[in-house]
Amino acid sequence: MANVIFELKDVHFSYMGKYPALSGIDMTIDKGEKRAIIGANGSGKSTLLHLLDGLLFPGRGTITAFGKDVNERAFSDQAFSRDFRRRIGFLFQNPDVQLFCPSVKEEILFGPLALGEDKVETRRRFEQLIDTLGIEELLDRSPHQLSIGEKRKVAIASTLIIDPEVLLLDEPTAGLDPLTARHIIDLLVRENASGKTIITSTHDLHIVEEIADTVSVFSRDKKLVKSGPSLEILKDIELLQTHNLVHIHAHRHDGRSHVHSHEHPNHEHTH
Amino acid sequence: MASAYHSNFIETSINAAVSFLKESVFSDEYASKKGFLQSIDPRMKLATSAIFLLVVLFSGSITVIIYFYAVSLALAYLSKINLGFFLKRTWIFMPLFSIFIAIPALFSIFTPGETLTSFEVMGLHLIITRQGFFAASLFVMRVITSVSFVILLSITTRHFELLKVLRIFGVPQMFVMVLGMCYRYIYLFAQVIENTFVAIKSRAGTDLRYKSGRHVVAWNIASLWYRSYRLNEEVYNAMLSRGYDGESVIFNDLRMRLADWLWGLAVAVMCAVPIILKCKY
Ligand SMILES: Nc1ncnc2c1ncn2[C@@H]1O[C@H](COP(=O)(O)OP(=O)(O)OP(=O)(O)O)[C@@H](O)[C@H]1O
Ligand SMILES: [Mg+2]
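So the sequence lines, in the order shown, correspond to chains A and B. Residue 50 in this note's numbering sits at position 50 of the first sequence; the count goes up by one each step and never skips. Remember, this note's numbering sits 1000 above the position in the second sequence when you count from 1.
Calculated directly from the structure, the hints in this document are not laboratory data. Built from N, CA and C at the ideal position, the CB exists for glycine as well. Take these hints with a grain of salt, some might be off.
Partner residues aside, some chain B positions facing chain A, computed with beta carbon under 8 Å [unchecked claim]: (1) Phe1160; (2) Leu1163; (3) Leu1166; (4) Ile1168; (5) Glu1234; (6) Ala1238; (7) Ser1241; (8) Asp1245.
Sample of chain B residues with no beta-carbon within 10 Å of chain A, all distances over it, derived [to be verified]: (9) Lys1034; (10) Phe1036; (11) Met1044; (12) Glu1114; (13) Val1121; (14) Val1140; (15) Leu1153; (16) His1159; (17) Gly1170; (18) Leu1240; (19) Asp1260; (20) Gly1264.
Just chain B, with the same shape it has in the complex (with noise of 0.2 Å):
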């Protein structure tokens, strides 16, 4: 058994990465938790996620940003989200956008300025700027708050919920159809990887061979393409069948309470905080 280490490699990687796509998407785990986001109307939660996003993106101080990020991980212990889980779902980004972004902006050649340290690398002469290091932290920390926020919104709100706010809020029905599918079509996506690989194993034990695999993937693949077509034509029989004439359907059972408002003023005081603060925005 040997081999199996080794075969086992791809499949061990591929289901550890279906099973966080279905861990971070799919799951109601947080969701469902008695917690502080949990327990605000979705309405009111969208719309203030939109507020922070929008201070956090326009602000140009690191101080106020950071003061956000903070607000962000209070938001996130009150609605009983583990720390640890919260941090490495939004950390999980960075490296990506740092190698191309924040890393650059650090050195003269992108960010002309004030020397910080210099340092040499395979016979380049590398200077990192004090201009560049803020603009690289300020990047990263703006980064990371957004992140956290978007985060935040989608693991408290079950995602019919914030479908319907879409609608509510004027978005087309086409338009979040349209979503609405492409989150079936991930879930779909993701339960065919996991079927194929132990539909394989359960034909050719557990010796799978690399080439084998991918080429079943592939075929799976392919076919869901055409499943998803089919699929598309007959959903759109059945909701012919039921009734729908291409007016759009609204289901709005959603109840503002007065918890719900104070937090919407909540919100406007803690963004209001720098201001009065003196801080520059």
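So here's chain A without its partners, still in its complex pose (with noise of 0.2 Å):
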């Protein structure tokens, strides 16, 4: 069992014990996995994710984390909430959210500082992080007066920078331009080449095959409706239309390859 990462049995949400959810999720996942949660609006994928970062917990059912069960009194022990902490970074959907630091410099190094991270590491990632991201001329910036798409690149270098074991991205392309769209996807598969187990959240089916190898489908019902291997998902076509997932997938169709006939164009430009 060394190789599980999360384990969720029968898991429940409903925030303030009246809007549910999540209901009855059962999902294992591996360790250097890539993971696509697809699902319409509301069908529960950013509240997964929270689950799986510790700030929200079930209702019902149970989520072990590293053989560990994730529960609010295991982050009262203040090893197992580090441990846990550095080993977990969260991409959150609304960059707004994850920005509350007054500089974009102090925003990034914000994870290292209160994880008492090794300096020189930090800083060596810091250097690289900012030119891979190209983010270099927004260090002195407020975060919050950024646009959207540079506001997600200062988000995604606050969650690599503590090198984290699994990173959770709640859509991490979202707003973004088609080219720094492409340089966040080549950076996250990067990440998960080198061993991180990666869980995405996305509607955009376009890159679900490259950031994902299993894909689970979530109904608007809050449910676990379908789990398995990405292009066995993206060619069920009769699933995706029930779950408002087709229209971008039908738009695929257009070309002579379904999967690849978007991609390719922007491969090539950035490569």
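Starting from the two chains in their separate frames, assemble the complex, guided by the hints.
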């Protein structure tokens, strides 16, 4: 069982006890996996990621991470809490929420400072990240005055800087221009190739095949309807149709090859 | 389009207020110029500003205060701040203070003493006393000079540096965080007002009716408070997610240079000048 990172058993969650957001989720996520969570608006994707990050806790059912139970009590143990935070990074859907420091530089360094990370190593990763993301000139700006895409890049930098084992990504490419989206996906895929587990919630079926080997589809009644290899799920038009994901997919069929028709031109530009 | 002019009145004045707010609170324009105060380490700048303020607030001599006012103007000049802009920013608060404090103080009812001049308004015999005149001018100069130093500090320093310095000086993280959030909300607030007007215009054309405009603004403000509540909760989650556990987190990359210490010394000398010249403080 050393390979299992998350294990969810019959997980239920509702906000304030009256707005259901997840119901009866069973799921296992392995180390090094690329997993996509897809589903219509309001199907519980973000809620699931909050639960995996130990920010919300199931009303019923259990979640284990790295073989340990994730519940409120566990987080009162500081050693557990630090270890957990260091190993899991969460990119929030709304970058406005994630950016709370007065300047971009402080924002990116918040995590390592809070966790007491090694200074030299942090410095190295910092330089590397601002270079990869091209955010050098934003360092002295206020995060809330940036454009959505710039905010997202800063949020990505502040998540990646602690070098977590697991990345929870809530719609990482929403609001990004195609080239930037391309960069971000390449970056995430590289992180996965170097051993990180990446779990991405998205509506964008264009990116699913690249950022996931396994896809889990959530329904509007907040249930997990199907998990399977990404190619298999992407071919299942009927399934996608019933879960509001189809029109993007149909669009993809315009070309000859239904999977690569859109990604290829960009690939050639960036490499 | 004759009515457009009228209905635009609220819009123009609100827009003017918003852009004033943005310009004076959020603009980094002066903070990023290469002037004198901009080059001083923010810690030293905050400390020396505090000294100036204390001296001005506790000095009872109008000569000394005028001397410090001159110092603030010289500093503004050395920091490449447009003097017109600076004077406008500092004197703008004056009318409000004057009406409630300075003007009443002029008269014998509030400040008894020797008669300087007297006149009659609507059958009231009013006497301006010499003591009243001095009290009022002292008050006006003191307010203007203190406001000048505060504005100098705030427009030559980026706001995140100020917050950082507060942290370094030991102000609790939560307090500084709240200040930072206030700043964010004011920004958000200014933006909501601005966007609301753009949105109304794009839907209703320029002929904005006062009532409907007010309604939309009110609704937006209500939703802003709701949003800020949700935001707070989520921001806290985001902090937790990145390892925040209630311990304070300071990122200190400031370096004090010789020039900063020299400036500190210079301020001490400036404050000593009135004593050396045997002025009463
Ligand atoms: N703070 C909250 N309070 C109350 N209900 C909430 C809250 N956040 C989410 N919900 C509800 O929980 C359900 C799941 O929401 P969630 O944000 O997880 O969906 P999602 O799949 O991420 O949607 P989207 O694609 O729009 O991001 C929705 O029905 C939503 O209305
Ligand atoms: Mg979501």
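To see whether the hints hold, each was checked on the structure:
Proximity of phenylalanine 1160 (chain B) to chain A holds as hinted, the smallest CB-CB distance being about 3 Å (cut-off 8 Å). Taking 8 Å as the C-beta cut-off, the interface hint given for leucine 1163 (chain B) holds, the closest approach to chain A being about 5 Å. Because the beta carbon of leucine 1166 (chain B) sits about 11 Å from the nearest beta carbon in chain A, more than 8 Å, this interface hint is broken. A cut of 8 Å between beta carbons decides the hint on isoleucine 1168 (chain B): the least distance to chain A is about 13 Å, and the hint is violated.
At about 4 Å, the closest approach between the beta carbon of glutamate 1234 (chain B) and any beta carbon in chain A falls short of 8 Å, and the interface hint on this residue holds. Checking alanine 1238 (chain B) against chain A: minimum C-beta separation of about 5 Å stays under 8 Å; hint holds. Against a cut-off of 8 Å between C-beta atoms, the interface hint on serine 1241 (chain B) holds, since the closest Cβ of chain A lies about 5 Å away. A least Cβ separation of about 6 Å between aspartate 1245 (chain B) and chain A falls short of the 8 Å threshold, and the interface hint therefore holds.
A cut-off of 10 Å between C-beta atoms confirms that lysine 1034 (chain B) is not in contact with chain A; the least separation is 14 Å. Chain A leaves phenylalanine 1036 (chain B) outside its interface by the beta-carbon criterion, the shortest separation being 20 Å against a cut-off of 10 Å. Look at methionine 1044 (chain B): its CB is around 19 Å from the nearest CB on chain A, clear of 10 Å, so calling it non-interface holds up. Chain A leaves glutamate 1114 (chain B) outside its interface by the beta-carbon criterion, the shortest separation being 53 Å against a cut-off of 10 Å.
Valine 1121 (chain B), annotated as away from the interface, keeps every beta carbon of chain A farther than 10 Å; the closest lies near 51 Å. At the 10 Å boundary, the C-beta of valine 1140 (chain B) stays outside the reach of chain A, the nearest C-beta of that chain being 35 Å off. With a least CB separation of 16 Å from chain A, leucine 1153 (chain B) remains clear of the 10 Å interface cut-off, as annotated. The claim that histidine 1159 (chain B) lies off the interface is violated: its Cβ sits roughly 6 Å from the closest Cβ of chain A, which falls inside the 10 Å cut-off.
With a cut of 10 Å on Cβ distances, glycine 1170 (chain B) stays outside the contact zone with chain A, its closest approach being about 17 Å. The beta carbon of leucine 1240 (chain B) is not kept farther than 10 Å from every beta carbon of chain A, the shortest such distance being approximately 6 Å. Interface exclusion of aspartate 1260 (chain B) from chain A stands, the closest Cβ pair being 19 Å apart, more than 10 Å. Residue-level check passed: glycine 1264 (chain B) sits 25 Å from the nearest beta carbon of chain A, beyond 10 Å.
Checked against the numbered hints above, the structure violates hints 3, 4, 16 and 18; every other hint is satisfied.
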